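Chains A, B and C supply the protein sequences, listed in that same order.
So the first sequence is numbered by the numbering used here: it starts at 141 and just counts up by one.
So the second sequence is numbered by the numbering used here: it starts at 20 and just counts up by one.
So the third sequence is numbered by the numbering used here: it starts at 57 and just counts up by one.
Calculated from the structure, these hints are not laboratory results.
Please read these numbers as outputs of a predicted model, since none were measured by experiment.
Note that the Cβ used here is the ideal one computed from N, Cα and C, for glycine as well.
Hints should not be assumed to be uniformly reliable.
Restraint-style ranges between C-beta atoms, simulated for each label pair [claimed, not checked]: (1) B:THR140 <-> A:TYR220: 24 to 32 Å; (2) A:ARG235 <-> C:VAL245: 14 to 22 Å; (3) A:GLU248 <-> C:ILE144: 53 to 61 Å.
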Amino acid sequence: MVSVRQAVRAWAVEMKFSLVDQTKLVTAASELARNTLIHGGGGSARLEALEDGGRQGIRLIFEDQGPGIEDVKLALTDGYTTGHGLGLGLSGSRRLVNEFEITTSPGEGTRVAVTKWK
Amino acid sequence: MDRIPILKMGPFLLVTIQVDMHDRLALSLQDDLAERIASTEARGVLIDISSLEIVDSFIGRVLANIAAVSRVLDAQTVVVGMQPAVAITLVELGLSLPGVRTALNVERGMELLRAALESETLGSDGDASTAF
Amino acid sequence: MASPDSSILPAVVRDHQREILQQWIAEQSSGSNARSDLLSDAELRQQSSEFLQLFREAVQAGNLGNVMGTEWQGVRELLATVSKANAIRGFTPIDTATFVLSLKRPLFQQLTTDAGSDADLLARETWTVTTVLDSLALFTTEVFQRSREEVISRQQQELMELSTPVVKLWDGILAVPLIGTLDSARTQVVMESLLQRIVDTEAGIAIIDIAGVPTVDTLVAQHLIKTVAAARLMGAECIISGIRPQIAQTIVHLGVELVGAVTKATLADAILYALRQSGWSVSRGRS
């Protein structure tokens, strides 16, 4: 998890994101990596640099083969938790990025892709 | 496993977090602090997070827990030196740490702890919520 | 497209580089588009000869059909530098494009001489040169446009920072008088610069005065609240002053609660409160 944070930080610095945006992105990565680890039983994290008409962005993709999420809407509610956290991991990290995309099906795992534009 | 050192300064405990804190380290800090407050009969805990680059919901919760546990053990907790980017992110995340007292730096944090201790020994119930 | 072997352009540029350069410079300084006011003769000469040298190398490399190819990298880089410099100096895009296009006449003249009576060859070479130079001229326009946009966005940023001055009122007391419409981006800049100044000046109290703000929408109100919350996390207190009656109504109507924020009617009240909080007392001296 620490290595995911460091990798995301390095990329965000490389792409000259502002300090606040760097921090937001790294924090979101930290939240999502923890979810993958705790709820998904481990998985993969992927980083992508994006370019769209002069805009630069970073996309983070977290994938796991865990139990999946039964009720995505509920999982995205502030304060809802199945673990022992504050229930802010998913809902909070959604507020830290520009685009948030979640695909999940019970029993097959979860994929969360978030994008932050510069 | 590395641990975060806890320094004793008079009636207070001082913790400076200087590493990228992973979850296990945060949890062990929470346990260690509770132990040390009890064994030293400390009246205040000052946690300096000025070199911490991120505080996510887990670390945020650990900080809130530390404050709550030390309150039960009759010690005040002050978190000092949170960076602006970290504070903005934490608020955006939805965490405002209502039970945690804060100060700009170690010096102000110490003043706050001392003032709290004094007002207590004077017998008044002065429980100021923010430091100046 | 002419194949590299059949084109005489590489040979023409190689053998007559000096003459072409002379004519080109003459062309540029005599034309109606000459900008001797912005560019000295020496600079013009330097720029032109550098370009021609790179142009010659690129032509020699053979890829005449595609100026975006790697053979043309040197030429493109030089043009990018010139375009950017021109954008800053106040040239028009026409000036910059003309720099490239004015090379046509000298090249055509030289080609005419060298092609002799071969009309087919001349027509083909003319077409090649025209295509290459037109593409390069279009490229300069694009770079010019892009660097203009960079200038504009930087100015916007600077303007935004200028329009939100964070002032130190007293030891440990900061104030931001906000004037004009607050949008989300500007509020964010205010928030970040205020919090940074709190760290820099070790100020325990920050006053946000919104007396000059005509309206507050939900988003702005939320940004204000977030600023207050973030400042508290850092160990500073925020006071919001100058809330006009209708804005107070809006805030209540929107259901936004200014939790944790001290509000004062006027900046003066806020200053007084801040001074008292910091342990100062204010009294009128005897006159």
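Hint check:
1. B:THR140 <-> A:TYR220: 24 to 32 Å: violated (44 Å)
2. A:ARG235 <-> C:VAL245: 14 to 22 Å: 19 Å Cβ-Cβ, so the 14 to 22 Å window holds.
3. A:GLU248 <-> C:ILE144: 53 to 61 Å: Taking Cβ atoms as reference, GLU248 (chain A) and ILE144 (chain C) lie about 56 Å apart, which means the hint holds.
When each numbered hint is compared with the structure, a violation occurs for hint 1 only.
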